[in-house]
Amino acid sequence: MRRTFGFHGGIHPPQNKQQSLRTPIADAGIPPELILPLSQPIGAPASPVVTVGEHVRKGQLIATARDFVSVPVHASTSGTIHAIEERLVAHPSGYPAPCIVIATDGRDEWVEHSGTADYEALEQAELIQMIRDAGIAGMGGAGFPSAVKLSVTPDTPIATLIINGAECEPYITADDVLMRERAAQLIEGVKILRQLLAPTETLIGVEDNKPQSIAALRAAAQGTGIDVVAIPTRYPSGGENQLIESLTGKQVPSGELPSRIGVICQNIGTAVAIFDAVVQGRPLLSRVTTVTGDSVREPQNFRVLIGTPMRYLLEKAGYQAESNNRLIVGGPLMGFTVPDAGVPIVKTTNCLLVPTAAELPTPPPAQACIRCGVCAEVCPASLLPQQLFWFAQGKEFEKLEDHNLFDCIECGACAYVCPSRIPLVQYYRSSMAEIRQLRRDQEQAMASRLRFEAHQQRLERTEAEKEARRSARKQAAAQRVPAAENQSEADPIQAAIARANARKAAQRADVATTSALNTLERAIVTTDTRLATATAKLDEAKARGSDLVEALQAGVEKTRAKLAAAQRALHDYQQSQRAEPANPAPHDATQAVLAKATAARALEAALSPADKARADLATLQQRLRQTQDSLARSRREGDAEKVIVALEASVVRLSEKISATQQYLNTLKET
Amino acid sequence: MALLRISSPHAYGPLSTQHIMQKVLLATVPGILVLTHFFGFGTLVNIAWASIVALACEALALRLRQRPLGFYLKDCSALVTAFLLGIALPPYAPWWLIAVGVASAILLAKHVYGGLGYNPFNPAMAGYVILLISFPLQMTAWAPPRGVVHELPGLLDALQACFLPATYDGVTMATPLDVLRQNNGLLVEDLWRQNPQFGRWAGLGWEWANIAFLAGGLWLLQQRIFTWHAPVAMLASLSLLAALSYDGGSSASGGSPLFHLLSGATMFGAFFIVTDPVTSAVSSKGRLIYGALIGVLVYVIRVRGNYPDAVAFAVLIMNFAAPLIDYYTQPRTYGHSGKRGDP
Chain A
715 MRRTFGFHGG
725 IHPPQNKQQS
735 LRTPIADAGI
745 PPELILPLSQ
755 PIGAPASPVV
765 TVGEHVRKGQ
775 LIATARDFVS
785 VPVHASTSGT
795 IHAIEERLVA
805 HPSGYPAPCI
815 VIATDGRDEW
825 VEHSGTADYE
835 ALEQAELIQM
845 IRDAGIAGMG
855 GAGFPSAVKL
865 SVTPDTPIAT
875 LIINGAECEP
885 YITADDVLMR
895 ERAAQLIEGV
905 KILRQLLAPT
915 ETLIGVEDNK
925 PQSIAALRAA
935 AQGTGIDVVA
945 IPTRYPSGGE
955 NQLIESLTGK
965 QVPSGELPSR
975 IGVICQNIGT
985 AVAIFDAVVQ
995 GRPLLSRVTT
1005 VTGDSVREPQ
1015 NFRVLIGTPM
1025 RYLLEKAGYQ
1035 AESNNRLIVG
1045 GPLMGFTVPD
1055 AGVPIVKTTN
1065 CLLVPTAAEL
1075 PTPPPAQACI
1085 RCGVCAEVCP
1095 ASLLPQQLFW
1105 FAQGKEFEKL
1115 EDHNLFDCIE
1125 CGACAYVCPS
1135 RIPLVQYYRS
1145 SMAEIRQLRR
1155 DQEQAMASRL
1165 RFEAHQQRLE
1175 RTEAEKEARR
1185 SARKQAAAQR
1195 VPAAENQSEA
1205 DPIQAAIARA
1215 NARKAAQRAD
1225 VATTSALNTL
1235 ERAIVTTDTR
1245 LATATAKLDE
1255 AKARGSDLVE
1265 ALQAGVEKTR
1275 AKLAAAQRAL
1285 HDYQQSQRAE
1295 PANPAPHDAT
1305 QAVLAKATAA
1315 RALEAALSPA
1325 DKARADLATL
1335 QQRLRQTQDS
1345 LARSRREGDA
1355 EKVIVALEAS
1365 VVRLSEKISA
1375 TQQYLNTLKE
1385 T
Chain B
20 MALLRISSPH
30 AYGPLSTQHI
40 MQKVLLATVP
50 GILVLTHFFG
60 FGTLVNIAWA
70 SIVALACEAL
80 ALRLRQRPLG
90 FYLKDCSALV
100 TAFLLGIALP
110 PYAPWWLIAV
120 GVASAILLAK
130 HVYGGLGYNP
140 FNPAMAGYVI
150 LLISFPLQMT
160 AWAPPRGVVH
170 ELPGLLDALQ
180 ACFLPATYDG
190 VTMATPLDVL
200 RQNNGLLVED
210 LWRQNPQFGR
220 WAGLGWEWAN
230 IAFLAGGLWL
240 LQQRIFTWHA
250 PVAMLASLSL
260 LAALSYDGGS
270 SASGGSPLFH
280 LLSGATMFGA
290 FFIVTDPVTS
300 AVSSKGRLIY
310 GALIGVLVYV
320 IRVRGNYPDA
330 VAFAVLIMNF
340 AAPLIDYYTQ
350 PRTYGHSGKR
360 GDP
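Protein sequences appear in the order of chains A and B.
Going by this note's numbering, the letters in the first sequence line up with residues 715 to 1385, in that order.
Going by this note's numbering, the letters in the second sequence line up with residues 20 to 362, in that order.
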């Protein structure tokens, strides 16, 4: 007989387990509709790989795991995908979550599947992959993906594998019946777990109020080295930390996983599911759920397909909705209520408790705390519940954390014994939520502060760079002038600089002649873009009612003026360019222009005013285009500033002319 | 029926504040019967009148604080205060003395601090001490027990003593504790021989009253109304100090351990006052310290102090210290290595 160590506190509430133990596990059958949530309690939701209307078979993968801490979803029976939509799920929040809805066909046709009884020949990685692919999540409490729990390599090697068969909460008997009826497969599942983890000892902890289960397991575990340990019946002996302390005498350090002290806990249901997955090749498609409480005529355990709506299951047990005051998922101490019986059974749903108002009455109003200290006596985490309650009322969050609020496992023992009926766990939950929210807010504030600081630094850096460039240019300009002036008496270095400058100037002049037009055109394009941006910004500021409107307005005006100047420059330049080839005597460009203009005017005189204006407009527009092109080109090719300015100016002038001509045309049309 | 949405837990245990208070009231019965047997109807009249005043004060305070009357009166805490104070006051006390004591207890010691659960001092003891300091004459006038006088006052005499104190001519007598404290010449042996009220061990009537309160307290302990820590620690430290300084019965002797255990308000204090959850330390370790220090103070005040009994002062002084004791005796949380706050 192995020694047990016990744990602090605990309570002995009425068991209420007998009523659901009168019959063996019944098959709940196939409901007309299955609702399969894509997310498990923990981890990222799975991604659907089926479409609405598609026919699926039993065991077919319908959503794949998206990341490491995530489990795939399988069709629990054959049927058609009816919808992929948000449905209410069994979650304390009562919020809907994305689900795949299957309209079942009742044929229960399997996909191809096969397992191996010879699992000892399999590699560790293969086994873990099988468990992952079967979608197995912890079936006791939090629903943590089993493959993740099994594949994490802990700092310390696993010394103890504990299978949690305590099932300490009143009313629930799902693990009990599983241990009684499937002891052999359960032990096989435990052997697979043992193969994966290679612990020095493997223990199955069962509360001593389940003698039948203990006997069945001991018989099945004969000669395997698996130790079935009876632990005293005391809620919450099945809490992971409490069971570990009971069986090993060691405590899991606060905030750490049991693997830290070389222990891994798995649930009874999980072990059986692992057997099914490895030996029979079946994914996790069903589970055993206790349906109990005075509002069902026949409390019993069902083997139920994952996704079955609770109402279907309740009706199988003879549900009397009119006498039921709340639907509890889980037991009376840690279970949560759901607003509607239409929510589906998921992998962690071990019990549906439907009490009458007489059975679990609504709690009376809380009286004052008389500091009787019974809560501290029963607290399995050795907290001071009445002290925490005091701080929670005063929202003293630092004190709460200092008194280890976050070590609370929300078992409800304190509230159960409280003579003043204070809903202590509610206070703790709400305080924990508030503290978590505060922490999140703090993190966010920190992040935005860092972002702001980075932004400020970036601005300063750009400003400094700009300033440096500006002063460099100024220096260069200042050097050029004296260099040119004092060439004769300058020292050799100065002379060299002057020569270099001269060379550069010459080059610039060369480039200017070839690509002045480009420069001018480019100036226009850039200014135009800038104008567009500035206008957009102005509009936005106006829309937001920002106080920057005036400054932006001024900027837009300035940019517009610059654009006009650029266009004018381009225009001038083009005119001069055009004049040159037209006249064989390039030195008399003015004469040529004049001659051309006179000729053109003579031609115009023959036309109607409107026609003339239109012709003008066309010419002007063409010229503007040319000027803009050449301006763009000069900009692109980095022509001298003077050229660009000239081109810009001509572009502006051309645009003005165009608008004037257009106005003239309009007036002509109107008259 | 629409499904309720309530957060867990959904089940509640059988314990309720009202039941706790009722059991405490019930546990005082043997002690009251013994007191009545030895000292007459004075204690019963005390308790009856104190209860009426207590309920009236409680109702007044609740009305002023705009709290529902029925809900709070039902918790029986005012009755407990009345019973405890009624027992502690000398039998045949005048009505106004009791009324002042109860009003101080309920209004000043309890409701001024926020009512049940928020009072730092034990209300009954606070009321008692206020009376002791304000009216020392009336508070030290204790009736002689059966066996010393031939005829005890009847019920009518008791009522007359209470409500028409001016017309009542009662007999009073120093309590054994008083006699022992003021003794400076006689051997303990002679003291016992000369004073009939010393009884067999610790005072005629007193020893049986203490045994009756012990019985009531043990029943409460068996009912798990409180834990053993504070009363056992108090009785242990009191006995230990008495044993250490008892020299076998010289004139300077402080009294034997048995004398201290069975005289005055020792058992009443240990099981009905020290165990008051509201004003005591909370953790088991804290209650051990709290109880032990009360025992020490009781002995010191009894032997060296100026007042006839010491339980009330000792309890009030330790009420001050309870939060400090709580602070230094917090239990180690599961999974934490050292003190609170450490990982």
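To be clear, the hints were calculated from the coordinates, so they are not data collected in a lab.
Here the structure is a predicted model, which is why all the values come from computation and not from measurement.
All C-beta atoms, glycine included, are put in the ideal place defined by N, C-alpha and C.
There may be inaccurate statements among the hints.
[Said to hold, decoys possible] Below, in silico cross-link-like pairs of lysine-lysine (DSSO-like), each with a Cα-Cα straight-line distance of 30 Å or less: (1) K1256/A with K1272/A; (2) K304/B with K1113/A; (3) K304/B with K964/A; (4) K1109/A with K304/B.
[Unchecked claim] Where chain B lies over chain A, by a calculated footprint (3+ residues, C-beta under 8 Å): (5) 808-820; (6) 1048-1054; (7) 1092-1104; (8) 1138-1144.
Taking the hints in turn, this is what the structure says about them:
1. A hinted pair counts as satisfied when its Cα atoms are at most 30 Å apart, and K1256/A with K1272/A qualifies at roughly 18 Å.
2. Only pairs whose Cα atoms come within 30 Å are accepted, and K304/B paired with K1113/A is accepted, the gap being roughly 21 Å.
3. As the CA atoms of K304/B and K964/A are separated by approximately 23 Å, the hinted pair is consistent with the 30 Å bound.
4. For the hint linking K1109/A to K304/B, the alpha-carbon distance of about 27 Å falls within 30 Å, and the restraint holds.
5. Only residues whose C-beta sits within less than 8 Å of a C-beta in chain B count toward coverage, and the stretch 808-820 of chain A has 1 of them, not enough to reach three; the restraint is violated.
6. Judged by the Cβ-Cβ criterion of 8 Å, the stretch 1048-1054 of chain A is covered by chain B as claimed, because 7 of its residues qualify and three suffice.
7. Check on the stretch 1092-1104 of chain A: 7 of its residues sit with their Cβ under 8 Å from a Cβ of chain B, so the three-residue criterion for coverage holds.
8. Remark: the stretch 1138-1144 of chain A is confirmed as covered by chain B, as 3 of its residues place a Cβ nearer than 8 Å to a Cβ of that chain, reaching the required three.
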